[in-house]
Amino acid sequence: MIVFINKKVTTNQSRPFGMALLKRFETQSARVKGISFHATRPWILAALHSGVIQLWDYRMCTMVDKFEEHDGPVRGIDFHDQQPIFVSGGDDYKIKVWNYKQRKCLFTLLGHLDYIRTTFFHKNYPWIISASDDQTIRIWNWQSRNSIAILTGHNHYVMCAQFHPTEDIVASASLDQTIRIWDISGLKKKNAPPGMGGSMPSRVGSGAGPLSAAQGDLFGQPDILVKHVLEGHDRGVNWVSFHQTLPLLVSGADDKQVKLWRYNDVRAWEVDSCRGHYNNISSVVFHPKAELILSNSEDKSIRVWDMQKKTCLHTFRHDNDRFWILANHPSLNIFAAGHDNGLIVFKIERERPPYCINGNIMYYVRERQLRRLDLSTKDDIQLATLRHIRNSPPYYSMHFNPAENAFIVVTRPHNLEGSTYDLYKLSKNAGENGVAEEPTPQRSIGIGAVWIARNRIASLEKNGTVTIKDLQLKEVRKVEHNLFIEDIFYAGTGLLLLKTVEGLQMYDIQQKRVVASIKANKVKYVIWSNNMEYAALISKHTLTLMNRKMEVLYTIQETVRVKSGAWDTNGIFIYTTTNHIKYALTANEHGIIRTLDTPLYIVSVENNVLYCLNREAEPIIVNYDPSEFRFKLALIERRYDEVMRQVKCQGLIGQSIIAYLQKKGYPEVALHFVKDVKTRFGLALECGNIQCALECAKQIDEHSVWEALGEIAMMQGNHQIVEMCYQKTKNFDKLSFLYLITGNLAKLNKMMKIAEIRKDLNGLFQTAVVLGDSETQIRVLKNVNQYSLAFLAAHTYGDEEAIEELTEILESHEIPLPTVNESATPLKPPLPIRPMTENWPLLVAYKSAFDTIAAQVQNESKPNGKGVTATMKIETTDAFAADEDDAVGDAWGADDDYLVDEDGNLEIDEGDLAVGDDGEGGWDVDEDLEIPVEAEPTKDGEEEGQFYTVPSRGQPPSHYWPSNSRLVADHVASGSFESATRLLTDQLGIVRFGQFKDIFLGIFASSKTVYCGAGLSTPNFSFPLRNWQNAAYKNSLPATGYKIKTLARRLQEGYHLTTSGKFNDAIDKFRQILLSIPLLVVDSEQEATEATQLLDICREYLVGLLMEAARKELPKATSDDHIRNCEMAVYFTHCQLQPVHQILTLRAAVNLCFKLKEMKTCSSLCRRLLDLGPKAEVAAQIRKILSVAEKDCVDANKLNYDEYNPFVICSRTYVPLYRGKPQITCPFCKSSYAEEFEGDICDVCEVAEIGKGASGLRILM
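For the sequence shown, the UniProt record's numbering assigns the number 1 to the initial residue and increments by one for each residue that follows.
The set of hints was computed from the structure by calculation and includes no laboratory data. Check before you lean on any hint, since a few could be wrong.
Restraint ranges, calculated between C-beta atoms of paired labels, are given here [as the list claims (entries may be wrong)]:
1) Val609 <-> Gly418: 48 to 54 Å
2) Ala1179 <-> Ala1109: 24 to 30 Å
3) Glu270 <-> Arg615: 17 to 23 Å
4) Asn530 <-> Thr500: 23 to 29 Å
5) Asn530 <-> Glu502: 52 to 58 Å
6) Ser627 <-> Asp65: 34 to 40 Å
7) His541 <-> Gly418: 23 to 29 Å
Backbone N, C-alpha and C fix where the C-beta goes; we use that ideal spot for every residue, glycine too.
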């Protein structure tokens, strides 16, 4: 819930301005001819010259939708204030009404006979007004879909027509150099009530002649009258706009003037003109909240004018793009301008209100008023009135000194030239009895100032130095520092945070030295916690949390701007972005609290309440729910009693929390809260709770579930549960082997009989072998017609009866008797020394703290009464205990029941499998039961447990590398290939990753070392770190990645291959180096520059060598082929190669030009070659060629080559792209291409998309 404190609506007419075009959003598209803001959502419509209408979310910087039905350019566009519709008009003479929710055109209005320039909705009535090149203005009823009025009178194109926001008048502008104001009150009466529409069209003449019959009713007044005709422009008028509240008009025309007009019921007249544009003015609007006019022009500029003085306050230029349209948001300080290549959304003043907090008191500035808000009593009073200079920049920040009751108010314009700060000293009873003081401030020039002691101020001067001043703003001394200081921040008494190009440094003023530093780019605000233990560094899109020692605790990258933040008492940082309130924990966690409609600036956090200011400096209270991040904080700090309390009382558990617990390695915590059986089963397996997993498996009873449970049970050595899982899945081979290794001969005998019934001869024979059952072995061999093997087995085992029978069979089949090895001995498997009746011995582990607390909570929650209590129940560990519902009959001990059905499939009776003796024993009851330890009542003071639980597996350091770094190499080293490919796409436009496979695998493999563990344990891994000296476990970074020196050695190999003429091998080598550059990790700006140079070298060699390889494959049959050969050789000489290779390219080109008698080009190439200082014999030969070429310095053929006009080579067609010709580049290797290849894969690097947007190479932290 959001609550306004003393909400007051102000018009802000005298608001000071610091002029700067602050871009919020920019698009790249075809020429934008129409723009419209949505009244409530952060949306903007752009009508393009290509015929497309784009819908953008300027807050999230994403395209929401696009609409394509117009045939030709679209010029008019407008959102409806209340309905989910918008209207458009284009050069196809059509007006279309669209529903953006349904994403379709609802209907089309036809009637205009030429291009439609503008379309606008009426604020209250279902009307649309349109202006057209057919010299008419039409008003339409969009509900009845009819034209209800046609306004004629202009004798040239009508460029613009708009409804007045509140009155019943219309203004229109035309190329006939006039502006007309029309009275539509008659039309309003005729069409009332709204929505009835459908009247016959009405016409209005020029206003000079009598009205025709079609212009009005038969005996009444016409619907629309020309009220005023404004003449004053010398050229055609392009735009006209109404003021929101005053009877004023503003217009812009081709005479390069902005004119201001005033009107009343009787007349209209020109007030004044604004001159300054030097080309046609396209559009002009009033500022919605200040006495300003904005205009844009084809002179590529946007100008801001003072309405009172009629002077230009500021000019914003946009190189190479003419402006065509300008629009303002109906309620916010946001503007948009359309130009040749897209649009920009901007504001012209900083809207962040200055504020500071001292204990429970908030101080802030609103409308030149210095105010105080008591957060406990909500008393908001004005303390003083600040000094104001007209059109001065807005206040940037303020700082309070409670000891002196003094304030520093900083004024910092965008260009920093006019930066000043004022020192205000107030009395102790300022603001009492509703009387505000008007103190005279002391002003000083400086970029910023902060308090560092009771009577000392640190001031940042324009030259980047810091001086210490007293309360009279007199310099006491200077801070000695060898770097240029960009900004200063408070860091405690006697301490300063200095912002430099290298980051932030904490400077001790008394000791005159830097005590700590941190690398943080473009920090704008520093917010300390109440105890000064933690600080938040806020940049444009980055939030960094650090401790007092300036060690980075957590870094968050946001896609939108980070606005403000404050620390709560638990060390949690609450911050706002453009559209969210979020939280950040110092333990590498963050999340969203709620969504915002408009940006807020957090001042203080107390007891689940945020105290904020909006852009109008109005105090606002925001209540929020801290349950989620308090739960996470309690979990991280292992306060499990708090975790249980929150789950029990607040019902936090949902899929997101369960997923979070699993991700962070707390499955045993989630297991206590989950109700879904399948989810519980997965969590139980993950945390090793085999008994819980067994209970869930019985309920699910699926083949895959039993298989998974069997694998985990085998790892824990619980062979009883393994046996049950094998039975459930009918895995007889594994079941037989399990009985073998556990020494359970009785059940092995059963498995042999089951195999015989199932006619599984292979299983039957194998079981008979391990049991030593010779009779069964011989019978199986005889049944499968292996009489010879059966005969040998009978001889070996000494079965005389079988020998006689098999001898007769062999003779009857005329098979010779096999030779018997007299030394053969019968196989007699040894009997098990100690059959395993219990599970395998395992490590004894105690219950975790969470399990103990959970058990206590469960015991406390159970009601006291008669019956068996929790401590009296026996928790059996027998996996095969009979269920209560199992039927008991006479078949209990029968030896001839082998647990198979009619088809030979295994039937499982858990009760039977739990009994170890197969004989008839009746109902034997063992009085001496072995009760498991955990089921015994615990004595006071004893710890629960001594049962086994698999320890939770921790996260290796590589798990944290992707969150600690934005370098591709670090993501690859961690094995996070998916995020690495996303970074390659975002930074370098790379869309094909197949060639990176070997590089990725090499870096990943080198990111860790392995050494053998003791005995039969698994290998152990270690992770070399590059920041091992000062990094914590979770802040580590890998010591992998390519180095500049490594690639430099490979570069030398490429040079050798090039020199020796092995061009294909050289191409592979240079491309391999090129693909390795994004995987570099460098330590300094110098190395980063060297990497950029290395990329340029690889590109130049690849372009040249690829072109040379293509030249050698060209045919040489015709003269055109020879000319093309010569051209490509000449182009090769313009690749920036090493001098030794440059000489080789020039020699090859000289030879071809000389042969083709291209003497002028040949002589130029000879001079270039001699300038490089070749060897003496080469120089002598070239001078001879030059002397011959200069005698007849004319080219025999026309080459596509102009050496005096700078050019680059198209890397696909190998033709020159001269300066001024459109071209695009590969975002990775920067190879140049002609425009038509945009979107293709680069031929040089073979991995990046040509012309794709990218942020650039990033290899330095």
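So, going through the hints one by one against the coordinates:
The hinted range of 48 to 54 Å is not satisfied by valine 609 and glycine 418, whose Cβ atoms lie roughly 38 Å apart. Range check, alanine 1179 to alanine 1109: Cβ separation about 29 Å, and the 24 to 30 Å hint holds. Roughly 35 Å separates the CB atoms of glutamate 270 and arginine 615, a value that falls outside the hinted 17 to 23 Å. A beta carbon spacing of about 28 Å between asparagine 530 and threonine 500 agrees with the range 23 to 29 Å that was offered as a hint.
At about 29 Å, the beta-carbon gap between asparagine 530 and glutamate 502 misses the expected band of 52 to 58 Å. For serine 627 and aspartate 65, the Cβ-Cβ distance of about 36 Å falls inside the hinted range of 34 to 40 Å, so the restraint holds. In this structure the supplied range 23 to 29 Å holds for histidine 541 paired with glycine 418, their Cβ-Cβ distance being about 28 Å.
This entry does not satisfy hints 1, 3 and 5, going by the numbered hints stated previously.
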